[in-house]
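Undergrad: Make the full structure from the sequences, and use the hints.
2 protein chains.
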Amino acid sequence: MKSRRKSPVNLVTTDPHQCSIDLRMRILSRLPFFSELSRKAVEGINQRFIEVGYELGERIYTVGDPAEKLYVVAEGKVKILQHTASGRDVLLDILSPGEFFGNIAALGATAYNDSAEAQSPSCILVIRSDAFREILDEHPELALKALDVMAARLNEANQRVIQLSSMPVEKRIAITLRKLALKLGRQKDSMLLIDVPLSRDDLSEMTSTTPETASRVMSQLQSAGIIESGRQWVGILDLKALENLAEKD
Amino acid sequence: MKSRRKSPVNLVTTDPHQCSIDLRMRILSRLPFFSELSRKAVEGINQRFIEVGYELGERIYTVGDPAEKLYVVAEGKVKILQHTASGRDVLLDILSPGEFFGNIAALGATAYNDSAEAQSPSCILVIRSDAFREILDEHPELALKALDVMAARLNEANQRVIQLSSMPVEKRIAITLRKLALKLGRQKDSMLLIDVPLSRDDLSEMTSTTPETASRVMSQLQSAGIIESGRQWVGILDLKALENLAEKD
DNA sequence: GCAGTTATCTGATGCAGATCATGGAAACAA
DNA sequence: TTGTTTCCATGATCTGCATCAGATAACTGC
Chain Y
1 MKSRRKSPVN
11 LVTTDPHQCS
21 IDLRMRILSR
31 LPFFSELSRK
41 AVEGINQRFI
51 EVGYELGERI
61 YTVGDPAEKL
71 YVVAEGKVKI
81 LQHTASGRDV
91 LLDILSPGEF
101 FGNIAALGAT
111 AYNDSAEAQS
121 PSCILVIRSD
131 AFREILDEHP
141 ELALKALDVM
151 AARLNEANQR
161 VIQLSSMPVE
171 KRIAITLRKL
181 ALKLGRQKDS
191 MLLIDVPLSR
201 DDLSEMTSTT
211 PETASRVMSQ
221 LQSAGIIESG
231 RQWVGILDLK
241 ALENLAEKD
Chain P
1 MKSRRKSPVN
11 LVTTDPHQCS
21 IDLRMRILSR
31 LPFFSELSRK
41 AVEGINQRFI
51 EVGYELGERI
61 YTVGDPAEKL
71 YVVAEGKVKI
81 LQHTASGRDV
91 LLDILSPGEF
101 FGNIAALGAT
111 AYNDSAEAQS
121 PSCILVIRSD
131 AFREILDEHP
141 ELALKALDVM
151 AARLNEANQR
161 VIQLSSMPVE
171 KRIAITLRKL
181 ALKLGRQKDS
191 MLLIDVPLSR
201 DDLSEMTSTT
211 PETASRVMSQ
221 LQSAGIIESG
231 RQWVGILDLK
241 ALENLAEKD
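Quick note, the sequences are listed as chains Y and P, same order. Per our numbering, the first sequence starts with residue 1, numbered consecutively. Per our numbering, the second sequence starts with residue 1, numbered consecutively.
What the hints contain is simulated information worked out from the structure, not anything from laboratory work. Watch out, some of these pointers could steer you wrong.
Note that identical chains are pooled: a pair holds if it fits in a single copy or bridges any two copies.
SDA-like cross-link-like pairs, simulated, lysine to any residue; straight-line CA separation at most 20 Å [as the list claims (entries may be wrong)]:
hint: 1; residue 1: K248; residue 2: S165
hint: 2; residue 1: K248; residue 2: S86
hint: 3; residue 1: K171; residue 2: H83
hint: 4; residue 1: K171; residue 2: E247
hint: 5; residue 1: K183; residue 2: Q159
hint: 6; residue 1: K248; residue 2: D89
hint: 7; residue 1: K248; residue 2: R88
TA: As structure tokens, then:
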């Protein structure tokens, strides 16, 4: 007789539609991306960004929109997704503060080929792509760092291709949960809580399966005592066991 | 009573293990990548590369090898592939002269996470990653171009994820054939011949299916009069019909 | 031209996971 | 509290494609 439990994920509801100028500076200077620049340089860069607040679920941009901006998450979480012809979405990534998205390539792309959406109330720093290019011109080290980030993302995307072409759903879900736990996990009474609203739908979009199948797998994991889960939340009870699933043949 | 036909793909068997210094300069200066640099600058860059010849099927590097080099295809074709846990390969890309591969990110990766293999006798220009970084430092425009290339590749990888998660094999194959035809096609008596040895195995690795299924789909396409194909070769008879398959719902 | 090898074709069978369908439980609003 | 909405669980069924297995055609070397 198992019953679902109340969500332990507390959504911060402070109004983040504005992040103070002060906050901005702190955020920018703390980004690994800008970490090697002088305070003065960061200040200069700071001035070229504007900030925009987004509500939960609000669209930041959509596939096909003219790709002329680059975004940096200052506060909140941002979903990057693509859409299949059949109308289903594929969730490519969930970005945390400090990560950038949008258009870095000024030459190539003229339209976004993915969509971005605030997964929680968020404050986003925005800059025009060409203005960002100027920054890269002034600080060539940054271009190299950006290259590294892109290389890492390319690798992630390739890993996902491998997953889709050779792993059963259970393993894909295990890998995804592990990744989320490491990235967004918070310890909460003897379990590692994934501290973001996470529905079966989200999970199925991340692993390219259906909500029904995701639900079945989650049920199994729960009976096996590996996770604890309810409506829009997941906690890891036995990370070791989860890693075994993610790793095993 | 259909029978397979002799391969119309003529493999160039001139010995390309060496590409002359002269050829190197011509290749480098013709790369879109270096196109905006002065001849003198290209000469300087040229001197920092060494060249290596590879035979058909020879490994250039393998997953896990220390990632310390960047490669540019001068002549021939190079396969980029990853390996699944079950031993099957996934073919990520086939690179033509002018495209680079290997490690651009000097900071992040310490080991290659894919493998590269000569798909035809090839001449490859090689440079140490850190030396390449120096070139990027000296010519910041190049870093921006590299960023564009990476962004394009990331997008391609994401497209592939979409394909795997939502399209049936037939459509994936149609898309792949179209891409190959555009990239490597050569007109030959009323058909557009894909001018590279292309087996059912290759095709299945590109579309993440099995050789058997690829073979079945190819048979269908052939009976439908859309393609003509035999042992290790494919020609497109009806590009329009192929595009329809690739596009259709 | 012949033998051996490698690539391709095609049938038969099985299964992971999609799809369809229904009931129940958390959250939310009034 | 009570209704309403959204999310989740779980059974029943169906199917695209993998897997296994064997036959045949194209290439290679001698």
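Undergrad: Take the hints in turn and mark each one as holding or not.
TA: Hints, verified against the model:
no. : hint        : result
1   : K248 / S165 : within (16 Å within a copy, 22 Å between copies)
2   : K248 / S86  : between (32 Å within a copy, 11 Å between copies)
3   : K171 / H83  : between (23 Å within a copy, 17 Å between copies)
4   : K171 / E247 : within (8 Å within a copy, 31 Å between copies)
5   : K183 / Q159 : within (17 Å within a copy, 25 Å between copies)
6   : K248 / D89  : between (28 Å within a copy, 18 Å between copies)
7   : K248 / R88  : between (29 Å within a copy, 16 Å between copies)
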